[in-house]
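Take a look at the letters that make up each chain.
4 protein chains.
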Amino acid sequence: MHSPGSEVIGFIGLGQMGFSMAKHLHAKSSAPFVIHDMNRQIMERFQAECGTDVDVATSPAELASRASVIVTALPESAHVKEVYLGERGIIKGVRQGALCIDSSTIDTSVSVDVSSQIIAAGARAVDAPISGGIMGAKAASLTFMVGSQTDSDYERARTHLQQMGKNVVHCGDLGTGQAAKLCNNLLLAISMIGTAEAMNLGMRLGLDPKVLASIVNTSSGRCWSSDTANPVPNVISAAPSSSDYAGGFKSRLMLKDLGLASTAAKDSKTPLMLGALAENIYRHLASDSAMADKDFSVVYQWLSAAGTTRKD
Amino acid sequence: MHSPGSEVIGFIGLGQMGFSMAKHLHAKSSAPFVIHDMNRQIMERFQAECGTDVDVATSPAELASRASVIVTALPESAHVKEVYLGERGIIKGVRQGALCIDSSTIDTSVSVDVSSQIIAAGARAVDAPISGGIMGAKAASLTFMVGSQTDSDYERARTHLQQMGKNVVHCGDLGTGQAAKLCNNLLLAISMIGTAEAMNLGMRLGLDPKVLASIVNTSSGRCWSSDTANPVPNVISAAPSSSDYAGGFKSRLMLKDLGLASTAAKDSKTPLMLGALAENIYRHLASDSAMADKDFSVVYQWLSAAGTTRKD
Amino acid sequence: MHSPGSEVIGFIGLGQMGFSMAKHLHAKSSAPFVIHDMNRQIMERFQAECGTDVDVATSPAELASRASVIVTALPESAHVKEVYLGERGIIKGVRQGALCIDSSTIDTSVSVDVSSQIIAAGARAVDAPISGGIMGAKAASLTFMVGSQTDSDYERARTHLQQMGKNVVHCGDLGTGQAAKLCNNLLLAISMIGTAEAMNLGMRLGLDPKVLASIVNTSSGRCWSSDTANPVPNVISAAPSSSDYAGGFKSRLMLKDLGLASTAAKDSKTPLMLGALAENIYRHLASDSAMADKDFSVVYQWLSAAGTTRKD
Amino acid sequence: MHSPGSEVIGFIGLGQMGFSMAKHLHAKSSAPFVIHDMNRQIMERFQAECGTDVDVATSPAELASRASVIVTALPESAHVKEVYLGERGIIKGVRQGALCIDSSTIDTSVSVDVSSQIIAAGARAVDAPISGGIMGAKAASLTFMVGSQTDSDYERARTHLQQMGKNVVHCGDLGTGQAAKLCNNLLLAISMIGTAEAMNLGMRLGLDPKVLASIVNTSSGRCWSSDTANPVPNVISAAPSSSDYAGGFKSRLMLKDLGLASTAAKDSKTPLMLGALAENIYRHLASDSAMADKDFSVVYQWLSAAGTTRKD
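Residue numbers (full-length UniProt numbering), protein chains in the order written: chain A, 1 to 312; chain B, 1 to 312; chain C, 1 to 312; chain D, 1 to 312.
Worth flagging that the hints you see were computed from the coordinates, not collected in a lab.
Each hint should be verified, as a subset may be incorrect.
Said to hold, decoys possible - Straight-line alpha carbon distances no greater than 30 Å define the calculated DSS-like cross-link-like pairs of lysine-lysine that follow:
{"id": "1", "chain 1": "D", "residue 1": "Lys250", "chain 2": "B", "residue 2": "Lys269"}
{"id": "2", "chain 1": "C", "residue 1": "Lys266", "chain 2": "C", "residue 2": "Lys138"}
{"id": "3", "chain 1": "B", "residue 1": "Lys210", "chain 2": "A", "residue 2": "Lys269"}
{"id": "4", "chain 1": "B", "residue 1": "Lys81", "chain 2": "B", "residue 2": "Lys210"}
{"id": "5", "chain 1": "A", "residue 1": "Lys256", "chain 2": "A", "residue 2": "Lys81"}
{"id": "6", "chain 1": "B", "residue 1": "Lys266", "chain 2": "D", "residue 2": "Lys28"}
{"id": "7", "chain 1": "A", "residue 1": "Lys210", "chain 2": "A", "residue 2": "Lys23"}
{"id": "8", "chain 1": "D", "residue 1": "Lys250", "chain 2": "B", "residue 2": "Lys266"}
Said to hold, decoys possible - Among chain C residues calculated to face chain A with C-beta under 10 Å, some are:
{"id": "9", "residue": "Val8"}
{"id": "10", "residue": "Pro75"}
{"id": "11", "residue": "Val211"}
{"id": "12", "residue": "Leu272"}
Unchecked claim - Negatives, chain D to chain A, calculated, CB over 10 Å:
{"id": "13", "residue": "Val8"}
{"id": "14", "residue": "Asp113"}
{"id": "15", "residue": "Gly133"}
{"id": "16", "residue": "Asn167"}
{"id": "17", "residue": "Ala238"}
{"id": "18", "residue": "Leu277"}
{"id": "19", "residue": "His284"}
{"id": "20", "residue": "Asp288"}
{"id": "21", "residue": "Leu303"}
{"id": "22", "residue": "Ala305"}
Glycine included, C-beta positions come from ideal geometry on N, C-alpha and C.
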């Protein structure tokens, strides 16, 4: 019934991530394709790059009235609420049985609430936040973490998500996609700061950073932050730290995800000892405009600046 | 000049680690072998197990007067100071050119100070702390992190250390072996608490712990604490958490290493944000006698107990 | 025009705080008085204690249609939103020019939003959260921290608030009453944990707690948590700690206020280093049902339990 | 026997604190007076200011051979060890029954150890660290916290200490003077950072800092750091913050005291959650040469810089 061949695909949110994702989805699918973005120029650019068979909708509601599968890629909770539940939102036009796939990273509770309202309106909804960044979106190598009410919702979503990424993981019920994403990034932030602290201490104690990293990476301290994205410049040449912390995952985006984690922790009465401190360290450093837009491994620079000018 | 064939080997400290290490070293070496421990019975047991060609010395000084290579394996800084510099310490009998290999994990500054005094007395000294635990000592699969003043000291130490382990890494100057060990364990403690926080949060949000671990372990949150020693019971069957946190690396020993890291950080004026909190979390939980002797991943239990009895 | 003599007073929320506050306001005012609470029995009890001239409203909307001044005393943000903006909320019946005084402690952003909507509907609104607890409510000795759009709103609110308390402070614009309350309680929580840490350390080092408190209280470490509510039992006989942490300000309520502070900090991108840790310490201990309902100075017990059973 | 009239007073350490203290002690006492400092010029200056009846000793040992009461005022543990126990230290010349009063702020364990060795050598010793700073030393308004083995040691010390200060408090056994000092300063640092966080948050939420301070200072958040040394400039005109954080208690000295507290905590296995973080916050900011020598309330500047340049 929901075979890909009979679908009409709608895509809302053609930002840095969404544009590349939508291009892959359009290219790999023969289904009619309709897009929407608040920015008209970006829609025209998409048509210019992908062909005039791509339709443009003037609102989420209008798009929803035409699509059987809708993918959304939006920056924050507020945008998701507006696009789904606003006056001209998806819910005002959504077709019975249509599947809404939200790939935004937002508050878990907002995600569950929005999905539940869509389902109550007679459609289906899953959360499918992304790991992999802009490079992954361009390369169609993203990982999607999917929360769904039923296995069949997941299977139906997977058909489309695999056009845009290489891993699609079923995490559990609604909201668990968001939960998995933010738990991973919580641990990532803690590991990165921990790596920065350990590397900084070792260098102060006379260790060569490459030697220290090689030891840690073959020992119990190893982690992605030490063996792939080591925050000390020139330890790993492909890491953002070796390019003045350009590219990568911006500090202010890590701060956003830590905010989602701490909200989820508050709501579920879960203590986050290191996590709470990690969030506030990123809040401190992200307030420095020179660091906010650099890769989050720049925390090493924030930390190690301490001491370089010390007096005694 | 220092060919293994002409050496006399002394070993001081036949505790849980040292006993197994000394057995391997004795078994794989044809050199005359002399031991010392404060506990006479443990020395008799060693002779009973390894043969009566093993000599017993009544003090570190006496042992030092007979050995050209001395390995020490002691619990804390105070013991190392006493055994090396005490009234009947190694320094009172050490032979010119003898090599002292201290495999204890102790304060970096104490290690450098003791080694420097030994060298000033005409002998050689390296620090060579161990990673791998009691199981590694029994299996001769330990990793040694070596700090030495010269490459030749390192090479000479390596000849003997490789009888007791499978990895011998040259970290740099005196004290860098200690530094590498404590930096690794600092990051390990932070990663473990971070993993416990992320797993606990995810489970509160409805995720199955095995699913969450599988996602994290193929994403940027992966670390040894999540993929090898996951602190949630039954996620990884071989992890201590799946055996009621038995075996593994005891919380009170992790606390000891974090204490060494914080002392080194204080001495070098290095800020440890997450590290300082990690130390005090372990100080809090290690004060519970039921947790102090369990694997340090028991921090998950300490953390997640919060909430199980909550009222509202 | 708004002279007390011409007012009709409405009061919503007859919980532990509200009941005592409403009794004082009714007793000291000759104005007609109408009450509302979700719990019918509590309204009957209020009438039984205060006289049958007290009217009962069946909803916030109905109460609002009759009152020129409305005081609300509610537990959390969600209740305030429902009572003010819900289907049968105040906004559905509020009279032009009526003054709404919300004495609840809630999210600053929710408070500003609710007040703004009430004002947009043609009435007036101020936030006036309370310090002083149940004892203060009974004794009419509360402090009210008032945020208002205009000075005249504040003056009008003060007329009524001073019937229920002894201090009424104008903090600034809408929301600043909430802000002042949560900033005070943030500092209070930090000071209390700090006092617990310092007292615990001093006692471990051999100091008599009374001697230590007397020194701190005449030195730069002095604070309300040390000189009035010292968390160590029997240092100050009137402190909750000397009565097994009964009475006082419950840990779970402190946790609630720290949650409001951290939300405000997140929204305003303000780093809270100690504050974030304080919140999570209370989250950890408040999850223990034996501690959640005890005075928040019980953090001393949580902290000092560490060590009493230590092994080495 | 130890009547002030029969004493010979020795004073070692004529730094910023010691010079003023010694001047008061000399001026108010008719006893013969002998001084020692590593810096000959400072001794000559003391003689120039106080008269040629002041004798100069060439070493602590020589001074000790002549004095019945010795006051020491030294910067750190290492200096105390050297002056008391070194090759030309007090212990080499100390007279039977002489009283040594160490007013330095040092490691509790070092203090107890040094005092115990002096007592074992036949003299008496107390620890008497100071609160009150350079201004207090000049005004003879210091507070001394005294740890002594006996009440009579304390009484004898008090006779002399009250010449240099206005409060002399008996804290308990040897080392408890040090313990009281560091516990007070631990709480002070936590309160100051807490005040900075609360003030910063309140201001971000629209509160006038003077209004917020006035509320906090009459509420449960009040503390010395808010009502006497408020870290926000121009809230309290006499506070260092209102003079660009000049004067007061330098950040790097607060860091030193937090280091003593954390060492004592480690030795006594006492968890310091906020305290550990406070130490590392000061370590981070004190590494900035522009902040290290400013009053420790400059932590407000460190904290609030966050956000001033934020981008979104």
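For each hint, the structure was consulted:
1. Lys250/D with Lys269/B: The given pair, whose Cα atoms are some 16 Å apart, holds under the 30 Å limit.
2. Lys266/C with Lys138/C: violated (35 Å)
3. Lys210/B with Lys269/A: holds (22 Å)
4. Lys81/B with Lys210/B: Roughly 47 Å between the alpha carbons, so the hint for Lys81/B and Lys210/B is violated.
5. Lys256/A with Lys81/A: Roughly 17 Å between the alpha carbons, so the hint for Lys256/A and Lys81/A holds.
6. Lys266/B with Lys28/D: The hint is violated at about 41 Å.
7. Lys210/A with Lys23/A: With a Cα-Cα distance of about 40 Å, the restraint between Lys210/A and Lys23/A is violated, given a limit of 30 Å.
8. Lys250/D with Lys266/B: holds (18 Å)
9. Val8: violated (37 Å)
10. Pro75: Violated. Min distance 16 Å.
11. Val211: violated (32 Å)
12. Leu272: The hint holds - Leu272/C has a Cβ within 10 Å of chain A, the shortest such distance being about 6 Å.
13. Val8: Check passes; 36 Å lies beyond 10 Å.
14. Asp113: holds (25 Å)
15. Gly133: holds (19 Å)
16. Asn167: Per Cβ check, Asn167/D is outside 10 Å of chain A; nearest 30 Å; holds.
17. Ala238: holds (27 Å)
18. Leu277: violated (7 Å)
19. His284: About 5 Å separates His284/D from the closest Cβ of chain A, which leaves it inside 10 Å; violated.
20. Asp288: violated (6 Å)
21. Leu303: violated (8 Å)
22. Ala305: violated (7 Å)
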